[in-house]
Amino acid sequence: MLVAPVLVLLIFFLVLPIAVMAAYTFFTFVTAGVETSALTTANWHEFLTDSYYSGFLLKTLRVGAITATLCGVLGYFPAYFIWATTFKHKWLLLLLLIVPFWISFTIRTFSWINILGEQGVINVALLKLGIINEPLPMLYNEGAVILGMLHFLLPYMILNVYVSLESIDRTLIAAARSMGCTSAQAFREVTLPLSLPGLAAGLLLCFVLAAGSYVTPQLLGSGRDALFGNLIYDTIMGELNWPMGATLSIVLFVVLGFFAAIYTRYMGMSQIVKGLGG
Amino acid sequence: MKLTNSKRLERLHDRYQNGDLSRRTFLTLTAAAAAAAGLDMPWMRQALAAVEEVRFDGWGGTVQDAIDKYAFKPYTTKTKIKVVQGTFGDEDEIITKIKTAKPGDYQVIHSSGVNYYIKYVNAGLTSEINEANIPNMANVLQPMIDPFRKLTPKLSAVPYDYGTTGIAYNTKVISPEEAKEKGAALLLDKKYAGKVGGYDDMTTRVWYAALATGQDPNNLKDMDAIWAKVRETRDLAKKFWSSGAELMDLLSKGEIVVTDAWSGRVAALQDQGAPIGYLDPAGSYAWMEDMLILKGSPMAECEELINFMLDPATSIAVAEGQSYPPSLDPTKVKLTEKIEKLPAFDKTGTMKALTFADPVYWATNEDAWTKQWNRISKGA
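Line by line, the protein sequences are chains A and B.
Counting in our numbering, the first sequence tops out at residue 306, every number present.
Counting in our numbering, the second sequence tops out at residue 384, every number present.
The following block holds chain A by itself, in its conformation from the complex (with noise of 0.2 Å):
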């Protein structure tokens, strides 16, 4: 019986709004806004024979694998440091991390045009400096992109990590090194691989929500570095052809739900809900 109300929810907040959109993939789109319920496949026909839309898929997995993989490398280390620091007021170290979320998505990815434009920070710092005789070309572009991206996603993959770490019992570490290991060794044999279903947590997150995201490409990048998420916004905000929109946005449901089911049929998903709750 506690079971219903969550089925309720479900049903009405997650399996209902993907049935819908599921069902209008099959309408026909009439005009720019004006569409007919006269059911057609010509959505799903457009989308598997034109290799415009299978390029960007690829595209979008691409840049989601790159942002999710630097994360990982980057946001280990200040997960490890938190972990193993001895700095009594470990709280305010976790609290400066979720500190950004108290700042709005958009305006922490327009920062970036202020740190990176051609009269950005940098460029004026290295001008200055003399280092440079013309502004680097550091905006509007993949690596821009990517950027925004990471200064996004990190915080969820050290929290991931974090609480994969904090799951270790310290007690291996000192038996390690009670037989020998360096401290080096240690975290390699004993304190990495036990960290591993966190980072995997980490790593699906980040490439779920890097590869879902159009915000930041939007801001960042130029047209070219758009992501599928772009295209959706595109075919139904800018073309508000809504049987297409709804066809790519199920693609991509389908595509990072098929990841996300890999992940959960080899490591669980508790391990995301345990970062998640910090």
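Because the hints were derived from the structure by calculation, they are not lab data.
Check the hints yourself; a few may be wrong.
Restricting the straight-line Cα-Cα distance to at most 30 Å, the calculated cross-link-like pairs of lysine-lysine (DSS-like) are [to be verified]: (1) K199/B - K87/A; (2) K103/B - K156/A; (3) K338/B - K73/B; (4) K86/B - K103/B; (5) K86/B - K87/A.
Start from chain A and add chain B according to the hints.
Here is chain B on its own, set in the frame of chain A:
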């Protein structure tokens, strides 16, 4: 002529002050109105509450600031009807929201003229204005009203302002002489590769490609040549902007040195002292904006608001604030020197000097061309 509640009470008050009503009658009628508002069914109270405010959605930034300051605030002071405001960067965005909302949630839209008017008409979102409730429409330029009336004899929108999308350039990098000589070709000048901008909008892109290929924007013959030019600009461009705020940011921060741009936003930058020049090349894209009332809106209140906005004093103040000429006919209403100096201002009142998009022609091709532009903008 349908009257708003505020208007009825205003008239009642006027009659009382003129001595047409006794104090007792006035108080009795006022009390009856108050009792009616307080004692009826909840749904009636909700309905009455709805006309205490009007919802307006516009382009934000300096344009909406001016409308708010010179039109909405005085209107609220006068009528006690609050104008609740929202903004959008792209009108398709607000159409999507309107489609998913129930009638009446969105009411007045600062819309982009006839090209968009067709979209609202096709989607069944338009209302029917009672023009008798907007007497100030008599001062509105007839050449601006006619295209709307061709589409729907019963209007759902009233033209409010107009402008051009011309060429804006950084005067520290490009001299006015060079800009004048090259005109629209500046957007295709390889010398400025990586420093070119443009509006992320199909109509603007195709329009300027038409000028570059020497074609009539309202009768394009060679679309392959058009798309080739659109790609050429894309390859030189650093960024296609999608809102007036982004345009101003890119220009003022020096990220781009030349772009097609909205005349009013450039005028706002010039007022701030930015080194930005502006020119309208031959055949520059002219557009008009209107106040569109959506289906399900409280018509009398919305009409009252638009009539207030069209009052010459209000309209002139807004025009000066937003730097776009008003829809008032300069042969009927004395406009200010500042307005007469605004880019795109047509002192004849005929609008013949400006080239507007043929709404039917562009609407016919809109779906296919928008799709193609979206692809090209992403590198296709």
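- Item | Those earlier numbered hints the structure runs against, lowest number first | Hints 2, 5 are the ones this structure does not satisfy, whereas the remaining hints hold.
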